[in-house]
Amino acid sequence: NAGVTQTPKFQVLKTGQSMTLQCAQDMNHNSMYWYRQDPGMGLRLIYYSASEGTTDKGEVPNGYNVSRLNKREFSLRLESAAPSQTSVYFCASSEDDSNQPQHFGDGTRLSIL
Amino acid sequence: LAKTTQPISMDSYEGQEVNITCSHNNIATNDYITWYQQFPSQGPRFIIQGYKTKVTNEVASLFIPADRKSSTLSLPRVSLSDTAVYYCLVGFFYSGGGADGLTFGKGTHLIIQP
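Protein chains in written order, with our numbering: chain A, 1 to 113; chain D, 1001 to 1114.
No lab work stands behind these hints: they were computed from the structure. Hints should not be assumed to be uniformly reliable.
[To be verified] Capping the alpha-carbon separation at 25 Å, the derived lysine to any residue pairs in SDA-like fashion look like this:
no., chain 1, residue 1, chain 2, residue 2
1, A, Lys57, D, Asn1030
2, A, Lys9, D, Phe1046
3, D, Lys1003, A, Asp96
4, D, Lys1106, A, Val60
5, D, Lys1106, A, Gly58
6, D, Lys1052, A, Lys57
Okay, chain A solo, but in the shape it has when bound (with noise of 0.2 Å):
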């Protein structure tokens, strides 16, 4: 059981440099999320995908967007990134948005110099 798979695990980019972070999951789920953890802090919505088709902002999604490609795959993209954006980024899925348990990957530890 994979469960949701994040790709990469650890990344190092440069200020103004581009990424897409990748996310899969594997159980059927409709609704996907991305999240950011700072050091000692909680974690923060930046986009989620209700359905298939579909993207809403969360509470801090300057500086990202989204493409949820299928069903399965959700990713998020930094189009010019800044040191503010070093974090550590979690992907989630959940069977729908009705408040269903969220399944979350193990994370990408992202460092911007």
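On the provided structure of chain A, position chain D as indicated by the hints.
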């Protein structure tokens, strides 16, 4: 937006019952209460969810008083492996209605000692 307040940290010993309380004074009628556990270098893991009264599963119980302004996560007979950060989420999430139910606070860092 239902704001939650949890203790920043708690200590306990193996074999004890641990209760972590979350305050959510402005909880709305449709809001659910959900708890997650997070270990270092891992994503959060769902523990339990409830709306009112008491919910129990194989790992924890969730107690919610009638006014729903607080909730208590109860972990029976903790072990060293229960050392983790515990998050209380309150809200209702639905497509087009916003994501208030997806707000993680700083959580409670629970440390279990031998």
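Each hint, compared with the structure:
Simply put, A/Lys57 and D/Asn1030 have alpha-carbon atoms about 21 Å apart, close enough for the 25 Å limit, and the pair holds. Proximity of A/Lys9 to D/Phe1046 is assessed by CA-CA distance (about 22 Å); at most 25 Å being required, the pair is judged to hold. Between D/Lys1003 and A/Asp96 the alpha-carbon distance is near 23 Å, which keeps this suggested pair within the 25 Å criterion. Between the alpha carbons of D/Lys1106 and A/Val60 the distance comes to roughly 16 Å, so the proposed pair stays at or under 25 Å and holds.
Between D/Lys1106 and A/Gly58 the CA atoms are separated by roughly 17 Å; this keeps the pair inside 25 Å, and the hint holds. Between D/Lys1052 and A/Lys57 the alpha-carbon distance is near 30 Å, which puts this suggested pair outside the 25 Å criterion.
The structure shown violates just one earlier hint, number 6.
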